[in-house]
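Taking the hints into account, I'd like the entire structure generated from these sequences.
Here is how the chains run, residue by residue.
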Amino acid sequence: MATVVVAGPAVAGCQEEPGMQPTITAEQAAQRVEELLQETYGQLPPGARLELFGVAGTLPCDDPTDGGPAGRVFYEKRYEVVFPADWPADQALPMLADHWRRHNYTIVNDLSDRSDPRLSVEHPEDGFRVTVAVWNRDSGAVDIYLTGGSPCVWEHGTPDPQ
Amino acid sequence: MSGGITFEMLLNADPEVWRRAAQGWDQLGRRADDRSDDYASSARRIPDVWESGPAASAAQQHCDGLRKELETVFPPVSTIAQTLAQHANDVSELRTRAQDLVTQGRAAHVTINPDGSMTMDPAHANEWTARAMSQLVWQRDALLRQAAELDGRAARAIAENTATASGTPMSKVDRSTVPGKGTDPAEVKRWWDSLTPAQRRYVTAEYPELVGALDGVPVASRDVANRIVLDREQDALTARRDELDNREAYIRSMVEQGRGAELYPGESNKVGAALTELDRIREERERIDRNLRGLDRITDRLEDPDRPRAYLIGLSTADDGRAIVSVGNPDAADNVLTYVPGTGVELSKVGGELNRNDHMAADARVADPSAETASIMWLGYDAPDSIAWNAPFDGSAEGGAPHLDRFQDGLRVTHDGEPSRNVVLGHSYGSTVIGHTAQQGNGINADALVFVGSPGVDTNSASDLRGVPTSEVWATRAEHDVIRRVPDWDIAHGNDPTREDFGGRVFTSDPGDPDNEGKTHSAYWDEANLARENIALIVTGQTGKVS
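Residue numbers (my numbering), protein chains in the order written: chain A, 2 to 163; chain B, 43 to 589.
Don't read these hints as lab results, they were simulated from the structure.
There's no promise every hint is true.
[What the hints assert, rightly or not] These stretches of chain A come out as covered by chain B in the derived footprint (C-beta under 8 Å, 3 or more residues):
{"hint": "1", "region": "44-51"}
{"hint": "2", "region": "75-87"}
{"hint": "3", "region": "142-150"}
All C-beta atoms, glycine included, are put in the ideal place defined by N, C-alpha and C.
Given below as structure tokens:
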């Protein structure tokens, strides 16, 4: 964790100017994403559990057209929040919104007043993001997902000429 | 077990059991294939120790026979693995729908018991509840019928490919009867349907490079064929790389011994000839390494037990390489997304695109868990290397159009049951390829088109795009995407399709980073970017929710 925070400014540098600055590694990014997701989960009413949804892994975060070298990635992980029928699902998003506000997270997208509400925020120091998305299905079922993502990093922390 | 599926079985079904069984069969197929490779290399070494004679020939024949036997094991074993994996997906989808039905019942004051029987809440025993209950009964029965049908289909596929005492039979089909490249997919499908299962196994095992590339052959069979092609390409490239290493080492050792002149007896400039050959070796080796890197990424994805099953629908290492990989089987899916990547994508960089494709498949599952969505990464054309230099002027769009056109036609003819919702999405220059395809002949066979960060789609009007309703032509461009620097001058690819006068439907994506327009060009798939959710809603047909 300490390594990740110290490396924060380097990550921000990568976003500002595509180039050859070292970053944290994809593995460290994965750890930090997991940590943020667990912290988010900890703010939810008790009685729910997390179930990995889809693929946790890296995505390309650059394009040769940006003039910078290719090969940087960002890490992403998504959990489904699984809960019993009597769990207060409607409180999940407001509780997280409150937690994030108190901890000065930056709002990336606030769609909390939609019929399928969702809120995305960014950590104020290291640029990692978390999204809570609530889907009210036609059947009456409610599905909630938590997704965490890292800023763009070099897979091994330093520029990879390939 | 066909016909005997109960509601209780659906609610308690565990798709993981099927998934694990599929992995076991996949491993068996791979092991058989590895053994076959071992026999091939042993057979090649026989003449080194045993040059000629009846015994040498007999040994050669024996090794070849064993290799052949193992090779023929791969298609049926791989088909069984596919069938089990597909069944796992079907079971998972049916279970979700059974659970949804229970939730729906609860909201309508109807308790659906684990055995599927239903009871009305006495406090709400009225006409409305009775109506809701009869609707639920109808849905339950439809679900059980579908479960029995899917179960029967899987059982038939497994039975067809299960070895008998005499092995898994194959019947010879002449190579000349296989439809040629570019044949109309409907005609290809008729040819395929005319073959017996034993003949299909034969053509898949004997002519994988033909069967794997033919639009109109069912995706499951193309996948088996292309996995054989993938294995052969990897072996051939690795062998060629070894050859180059050996040749390089030989040249260097001859030069070090002062015998360089012997290498090129007819050449006047012997040093120059040696340097030229060493350069050529280096270049070829770099190209091989790039292709091998791409093939390795594809292999990793195909063999990844933690991700949904992937299907290899096309593969080639010619030029910059081509690859078509689907997450899920499009022939069995309700929604099918074809994703056409943009500039700079070649086989060696396919790993990132495969991940992007996986995420789009997962996004679609979040948007509609009751439907099965297959997502295809279609690198079936030679993408230009850079948007600044090659893209505006080269013929990649023209070159890619007939391939994409046939591919989409092929998806339609091989699809099982009700037609799927087919959506074609292009990022960057990929959108130009789609635009070009939609203006040829009858246009493109799709229900919706999606242009993301497009430099233009070869026309200034959505109504010029044929084969797709104009109301389903979608486009997005981030506010700070560098692509906006491409001028609307009519000299490159047509105007920006997010312009109002283009006539498409524009959806939201995050504005991006004003200080890094290049990064913004590929940020549409970043976590939290609204574009991703909108794409998933379009793919799953929930267009009323697109923002």
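A quick look at each hint next to the structure:
1. Under a criterion of three residues with beta carbons nearer than 8 Å to beta carbons of chain B, the stated coverage of the region 44-51 of chain A fails, only 0 such residues being counted.
2. Look at the region 75-87 of chain A against chain B: 4 of its residues bring a Cβ nearer than 8 Å to a Cβ of that chain, three or more, so the hint holds.
3. A count of 6 residues in the region 142-150 of chain A with a Cβ less than 8 Å from any Cβ of chain B is obtained; the coverage claim is therefore met, three being the minimum.
Consistency with the previously given hints fails for number 1 only.
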